[in-house]
Amino acid sequence: MGIILELKDLTKAYDTYAVVDHLNLQVNEGELRCLIGPNGAGKTTTMDLITGRQKTTGGQVIFDGRNITGLKEHMIVRRGIGRKFQVPAVFKDLTVRENLEVAFNRNPDPFANMLMMFRRTDKARFDEIVDLIGLGERLGERAGYLSHGETQWLEIGMVLTQNPRLLLMDEPTAGMTEQETHKTSQIFNRLRGSHTLVVVEHDMTFVREIADVISVLHMGKLLAQGTMAEVENDPKVREVYLGAEGISDAT
Amino acid sequence: MNRTGGNLYHNSTAQWLAYIALFGLLAIIPVVGAEPFQLRTFAGYAVFAMLAVSVSMVWGFGGILSLGQGIPYGLAAYCMGATMQMQFQTPDEPIPSFMLTNELEELPGVWKPFWHTHIGLILALGVPTLIMTVFGILMFQARLAGAFVAIMTLAMLNAFYSMAQDLQPFTAGFNGISPPNAFKAFGVEVDPYSPMMYWLALGVLAVVTFASKYMLQSKFGTIVQASRDDAERVRFLGYSVAYYQVVVFVFGGLIASLAGIVWVMIQQYVSPTALETPFSIYMVVWAAVGGRHSLFGAIVAAIVLNYLQTELADISETWQKAWLLILGGIFVAVVLLLPRGLAGAFEYLIGWIPFGGRSAKPAARPEAG
Ligand SMILES: Nc1ncnc2c1ncn2[C@@H]1O[C@H](COP(=O)(O)OP(=O)(O)OP(=O)(O)O)[C@@H](O)[C@H]1O
Ligand SMILES: [Mg+2]
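Protein chains in written order, with the working numbering: chain A, 1 to 251; chain B, 1 to 369.
Treat each hint with caution, since some may be false.
[Stated by the list, open to error] Just so you have them, the derived chain A footprint on chain B, three or more residues with Cβ under 8 Å:
| no. | region |
| --- | --- |
| 1 | 184 to 194 |
| 2 | 217 to 224 |
| 3 | 227 to 236 |
To be clear, the hints were calculated from the coordinates, so they are not data collected in a lab.
Treat the numbers as computed from the prediction; the structure is a model and nothing was measured.
C-beta atoms are modelled at their ideal positions from N, C-alpha and C, and glycine is treated no differently.
Here chain A stands alone, though its shape is the one from the complex (with noise of 0.2 Å):
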């Protein structure tokens, strides 16, 4: 299996503070990988300058092979990485339906999609995306109305919609319950496999359900990789990110 996304050197400074330092990363196709990392230790930045939201101080991004570094948000969304923010954005004056049909983006020319009258999904995978996210009950809803966890799922789904070959998840479960978030990890199992992902979360309950690698983030550095277990007793990690408790209380 081929290296999907690599980071070189990756830099994102302010002034001369760096948030992401020489960060250097590779995640494999097929793979779910999880980034942890404490409070403010360049997770979300990182996403940032993979899908191009933030200029890159230095360093390169490599999807698939071909360097996407300084690329336009849609340009990069088109070769194939799509993006779940950290704060849930969905179109909250649209429905569902809507939000899942404007997700679908075949052809993302204004004028071609102006003759659209009949927004059409693709039905099969259309339907199974709905049955993978549980709104077939909510379609008609504005998203607006949704409850926070629906509000996570639906734009996990938009994502998907997007069918995307490398998937970015930015704390997917925050404000979630117990039960919702449990409902997420099935999601997540069930995309395994079939799409690359790399997901950031601090709760290591849902982690631990979902992950293969983990990469621990420190200061825009990074601190340390391997299994859940290798992580967690790994001491540089139970020093600075956890004090002396263990990984598996930081939640």
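Position chain B with the ligands against the provided structure of chain A, taking the given hints into account.
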């Protein structure tokens, strides 16, 4: 009331019927009898309604608060004024009289294309479209939004206003251009006081309304509305938000240009007032009062508010002066009490009528029961 389905307001058939009823009603006005001068006034209301539709598209659906819809309107009006003026001039007397008073001895180059009516009309639509395209690209590539767009468009409007005032030899300055004859095309003269003029204005309004309605129901319309909600999310679905914004901005400009053309046909007059700031703000007020998320509401509000203004002005000068206060009061009341305008209030009321039919957008179909 958190269901979009099950409300007659969202029923697509009901919506089209409402539009057909509205235009049908407006169309029979000359038949049931109206004085020629009234017809001319009513034709003017159709122009205001076009402007309200233009604002509704750009601001209500596109989320772009443009205070510069007077730009395409005014530029098109000037092109139309020049076209009609040149219809009056002859090869023996090629120079309009206001230019002679400004001591021009030759017809300026920019005026020459207007010798040909068809080129004049093409310019009346083409010039504003080009300017709005360039202006739109500059603003939306730079990701300007909200108050910044409002300020930029306003500044631009003022620049054009000053140009119209100052380039006196070309624009007749503050006096404006008043072509002596009615517009003529295909051998037909369109008398501003005739039912033909009225129906023409109403016809153009109908065309721009249905074109807009169609566009909103297409996938393009959904993406534009999604950009209004959350531009970043749309970008991260792989669309160029700037591109979509430019297209909807230019489309709104095209509607305003048509309004400018029709207005000059009705008035046989164009002056810098077309480019005045308050006028462009009134357009926004009409759309806001009607409900900026409703083309129907915008049309009705533009007609009713302008009708009220005319009627009050007829009573006495005091009422005429009081109009601005009244309009301001209505605007504030709507903003505070009915943020979705009269159409929003109507949507709410009609939602109480039990209705189980299909919704306007396939997406808004009531799913469970
Ligand atoms: N515009 C800015 N100027 C200066 N510093 C900034 C700016 N934006 C972010 N930072 C800093 O960058 C660091 C990394 O932020 P980032 O959001 O990437 O962290 P994170 O790992 O996602 O944290 P969290 O777990 O809280 O979401 C933080 O210390 C933050 O204060
Ligand atoms: Mg973060």
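Which numbered conditions among the earlier hints are violated in the structure presented, ordered from lowest to highest?
1
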